[in-house]
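4 protein chains.
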Amino acid sequence: MLIVMHRQARPDDIKKVIELIEEHGWVAKSIPGGERTAIGVLKNPEPVDPAIFLDLPGVRDAIPVSKPYKLVSREMHPEDTLIGLGDDEVVIGGGKPVLMAGPCAVESEKQALDIAREVKRAGAKIFRGGAFKPRSSPYSFQGLGKKGLEILAKVREETGLFIITEATDHEVCDMVEEYTDIIQLGTRNMQNYRLLRRAGQAKKPVLLKRGMWATVDEFLMAAEYIMSEGNDQVILCERGIRTFTRHSRNTLDLNAIPYIQRESHLPIVVDPSHAAGRRHQVIPLAKAAAAMDVDGLIVEVHNDPQKALSDGPQSLYPEQFLQLVSSLRDMNIDI
Amino acid sequence: MLIVMHRQARPDDIKKVIELIEEHGWVAKSIPGGERTAIGVLKNPEPVDPAIFLDLPGVRDAIPVSKPYKLVSREMHPEDTLIGLGDDEVVIGGGKPVLMAGPCAVESEKQALDIAREVKRAGAKIFRGGAFKPRSSPYSFQGLGKKGLEILAKVREETGLFIITEATDHEVCDMVEEYTDIIQLGTRNMQNYRLLRRAGQAKKPVLLKRGMWATVDEFLMAAEYIMSEGNDQVILCERGIRTFTRHSRNTLDLNAIPYIQRESHLPIVVDPSHAAGRRHQVIPLAKAAAAMDVDGLIVEVHNDPQKALSDGPQSLYPEQFLQLVSSLRDMNIDI
Amino acid sequence: MLIVMHRQARPDDIKKVIELIEEHGWVAKSIPGGERTAIGVLKNPEPVDPAIFLDLPGVRDAIPVSKPYKLVSREMHPEDTLIGLGDDEVVIGGGKPVLMAGPCAVESEKQALDIAREVKRAGAKIFRGGAFKPRSSPYSFQGLGKKGLEILAKVREETGLFIITEATDHEVCDMVEEYTDIIQLGTRNMQNYRLLRRAGQAKKPVLLKRGMWATVDEFLMAAEYIMSEGNDQVILCERGIRTFTRHSRNTLDLNAIPYIQRESHLPIVVDPSHAAGRRHQVIPLAKAAAAMDVDGLIVEVHNDPQKALSDGPQSLYPEQFLQLVSSLRDMNIDI
Amino acid sequence: MLIVMHRQARPDDIKKVIELIEEHGWVAKSIPGGERTAIGVLKNPEPVDPAIFLDLPGVRDAIPVSKPYKLVSREMHPEDTLIGLGDDEVVIGGGKPVLMAGPCAVESEKQALDIAREVKRAGAKIFRGGAFKPRSSPYSFQGLGKKGLEILAKVREETGLFIITEATDHEVCDMVEEYTDIIQLGTRNMQNYRLLRRAGQAKKPVLLKRGMWATVDEFLMAAEYIMSEGNDQVILCERGIRTFTRHSRNTLDLNAIPYIQRESHLPIVVDPSHAAGRRHQVIPLAKAAAAMDVDGLIVEVHNDPQKALSDGPQSLYPEQFLQLVSSLRDMNIDI
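Protein chains in written order, with the numbering used here: chain A, 1 to 335; chain B, 1 to 335; chain C, 1 to 335; chain D, 1 to 335.
Wrong hints could be hidden among the right ones.
No distinction is drawn between identical chains; accordingly, a pair holds when it is met within one copy or between any pair of copies.
[What the hints assert, rightly or not] Straight-line distance between alpha carbons at most 25 angstroms, and here's what the computed PhoX-like set of lysine-lysine pairs gives: (1) K307 / K146; (2) K70 / K147; (3) K146 / K16; (4) K147 / K15; (5) K43 / K15; (6) K120 / K67; (7) K204 / K154; (8) K110 / K16.
Don't read these hints as lab results, they were simulated from the structure.
Treat the numbers as computed from the prediction; the structure is a model and nothing was measured.
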């Protein structure tokens, strides 16, 4: 924290700021400049809220200097985190995109198996599909629940694909952890702290989706919650943010990718399907993300999207997914 | 839903759209215009996702027409909902602002009682204070929990103020419901569907804060979740949205107030403290909201904000709260 | 500017940063902390772009400390700027709201005079009306041009109201300056630097609307442009920013009002009409702004809004404007 | 336009809406549904403002149906527009990315020629560089003006590269048109209608940057302005939008690319440099855009970015530009 004093601040104002810093047990360091004085706050174990100082007489501004996160930070842990599934047949991290694909929701064993076989043939390594669905309308399909998890287990058994599925609250997380290979936390739950803590106690990797309203700092702090409970197997997922635009459901924030790659050691994957909300944008966005050395793509694929019980309109047809993989190979990306 | 066809759409394209509508069990109504045809979708029991149609040949656009909510809608329920506390000593709804005030977090019995007495003297009818705190850092103070609820009960007993406090997840909600007069749901939980359902089963009124990322339609859909479980005692709370600005924590969306007043019969209150995040904006924003005939203001007040364990920098001093009430009375607002 | 070094930065990295600062002719001040070193940049005559430092080895972050504006800053000029019209019959500044009202566009002498008489009777002191209209469609009505300015002069002569009208580019500004009492610069021109410079050379006060995309710092920098050319008669105008919401054209940013009042000595007025874009939000927003001690309100009023050639749907009827003024008086605001 | 009536609307309300439509000379088409009536507006030559209807009794909503643009629309002109430079040595359009590169501002003949030779060697076909610079601070370098244009002409003569440079207002446009191969209009001028009209009268192609606040519809309407004056050589340029994020200057909106490719026949190019504002994001974003079959990339390159007079921190070093081109070739993109 750096506290910037007014040009006209009196010595007494500066003294009071220093006293307040010291009352908190921190160390104050005065930096007299040409026109004004600034005061650094040092030795604070955690980030300080700038607003503490903003109302004191003579204070012009208070500017945070350190980042609020530690465990997720590349500064503390320079090497890439690699997350292996099974016997490390699949490794997430290191810049080679792992494909995760499947329907928004698991609807039946036949549907799940049919789609799983298609996406496996195309090159996917991980099958995605929701058993518990967070839905913005109370009147919409809410997922098959435990039955859906059993279908996912069957898919793994039959196809050899690994499984990722969402835990929508901390109770459900017990059941999800039992069945899945990766626990997914959804965008609306990025700051559901009880769920973050529960996921932090899990023995399985966690894929954390960025809240559509969240800055990257807040996103990394949510990952910090999980890691602070002992689980260091966290995969970050960019899935679009809310902006003023109207031509897509959200805006995929690809500026965040190189920033996160520099700032954190955790793997980062991209979900083009939810960012788009419309099928025609999914393949271009998936290719764009793949061109940035992300660690994975998570894509919705459905064999009958017009009749899908959830998010059909953004799901690729299996042949489109095949075409996406083929385009990625044309770009010399190793799938 | 209105499906707008391309100028060059062929009769066969139009036929396919109509067939798809009818396959869903809805009714299609063709509207030939000068340059192009549009097709209305009728008799759909729930809102239809426009993206279902966007990829069909000859389709130019698909435009939602009906609103997704019903129970919260003024169209279905033209009279204002009034929510009485106790023996209707306090009634929320109808355009007279009820004042809710208190610290961000309950820190001790003495702190809570001292502040409660101050805000009561000034004119507040309801005491706010968090026992369970959602915090963006895992390293921050998380609230006193059950002990905090007991302190709140003591405050009610000693001062006669009604109590509002937050339930941060569906399990905690059991305990909160037992102690509080109004259950508060926080901005980060606006789409925590499990919690919304639990609150919908409560026998106490629920104050639902708007997600900082949520459109008003999504906000009303969250209230619909609560009402769909049988609880029609819902109070809406505008508390600021996330925008590109940097001079405040969030941007209070006062445009939403007249829109919500027209669109829904539920009471609407405003939280200027979280919208501001900085003390110097709180009183002006509170006065602005009060000028719009809102049904309440919920304001953070702390007697020692420099040492508050949570959100101190946006809390008013008790004398500032008194000054706010006095300004409201100068505006001829009946407190 | 404060440059924050990595924990692992080597002495050589720090040396290079200091050298770069000194190469620019600035002064570097090293601040060793517990975990890392920070380096202050002093004596830079203008704000420094943080990105200059972000790519240097060992640099973690670079944080701007000073504000980029000077002339508009209250720090440099603590007293409120007061802008008098005529023989100071009307003074803008000091917290008493001056009412400016009239149609979006001047359409005819009769229309302008009729509306002017109505708004004068209600309490307006300044008549607004566009002669040159910036329109987002090339096919829309573009204003009466010089003929419109002549009508405005006639309105002043007949009613005694002062006049405000928009200059849409630097050439048009010559003509507008001749006829008007206040030159208005529109939201889309907030960073039209040629126009800002021209307005800075004018002998008339300038009302500068905030760009719908602009931070307050950028807004103040645009005002700085005008003042840097010698015109210190600048009135700031908040008129709504672009956000993700859909229930209004823009979101009125009332958080900005107390921030600007603290940060700058210039008067600040509010335009609720353009922020709303819909009539039913205008009166509530106008009342909200007035409750914040703004220096003026600029409101669209039309006597036949259904047939207005521009922005009719957000214009108040004259009787609604009267009702607004009456509400303001009920709030003890002196009109 | 579709006007949606309330469930409780009376026959008289419907009649009034129909009358208002007919008064405007349009055609009303009533669509009775199960629960409510909707009324279509047909034969309106231009888009209708929904707000005209929103305040009428019995009206629930008014929803725009047609797009406001015509000339830019692919619906009206299905084939891609191709823009040839010189003797069609370079063609923009059709999905093969043309590289435009150079410094933010032309600083001297030597600087311009040195950089031009480097970017040509790497594969660029067009040299970019500003002679007139729009700067947010009145105290910053504003460009070399005419001298800069002469240097650009020299660059073309010496290297054979085509030239793109910005016209910052309609007067300057005369001079720019004389010297340049492509006239660039900047993000802040996207709705400078006088400049748009002037560019529409030019005999040279125009590259129009999207306003950082603009929806794609508004962006296309700005292009419509240019085309409506007779110039059909318009190149669209996505350069990032303003969002709540803080890790980059703007957020590159790549969702817009497939949408624009579907909606308009005009070529679309991407500017990763301004979207990023920080060097480390430029190459990843450029690769991402290239993976989407855009028609060009416009990239800032400087041989001494630490001393650049404008936007140095986002400029690539020449060797980084070479590395970008090499990465694009690795992706099998034909440069």
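* Asked: Between copies, within a copy, both or neither: which fits K43 and K15 at Cα up to 25 angstroms?
  -> Both: 19 angstroms inside a chain and 24 angstroms across chains, each within 25 angstroms.
* Can you tell me if K307 and K146 fall within 25 angstroms by alpha carbon in one copy, between copies, both or neither? -> within (22 angstroms within a copy, 47 angstroms between copies)
* Classify it for me, K146 with K16: is the Cα-Cα distance of at most 25 angstroms met within a copy, between copies, both or neither? => For K146 and K16, neither the intra-copy (60 angstroms) nor the inter-copy (37 angstroms) Cα distance is at most 25 angstroms.
* To do: Since the copies are identical, ignore which copy is meant and state whether K70 and K147 lie within 25 angstroms (CA to CA) inside a copy, between copies, both or neither.
  => Answer is neither: 39 angstroms inside a copy and 31 angstroms across each miss the 25 angstroms cutoff.
* Asked: Is it within a copy, between copies, both, or neither that the alpha carbon of K147 lies no farther than 25 angstroms from that of K15?
  -> Answer is neither: 65 angstroms inside a copy and 38 angstroms across each miss the 25 angstroms cutoff.
* Between copies, within a copy, both or neither: which fits K204 and K154 at Cα up to 25 angstroms? -> within (19 angstroms within a copy, 44 angstroms between copies)
* Asked: Using 25 angstroms as the alpha-carbon threshold, which applies to K110 and K16: within, between, both, or neither?
  -> Neither. Shortest intra-copy (70 angstroms) and inter-copy (27 angstroms) distances fail the 25 angstroms Cα cut-off.
* Asked: Checking K120 and K67: alpha-carbon separation at most 25 angstroms within a copy, between copies, both or neither?
  -> Classified as neither; 41 angstroms inside a copy, 40 angstroms across copies.
In terms of the numbered hints stated before, the structure departs from hints 2, 3, 4, 6 and 8, listed from lowest to highest.
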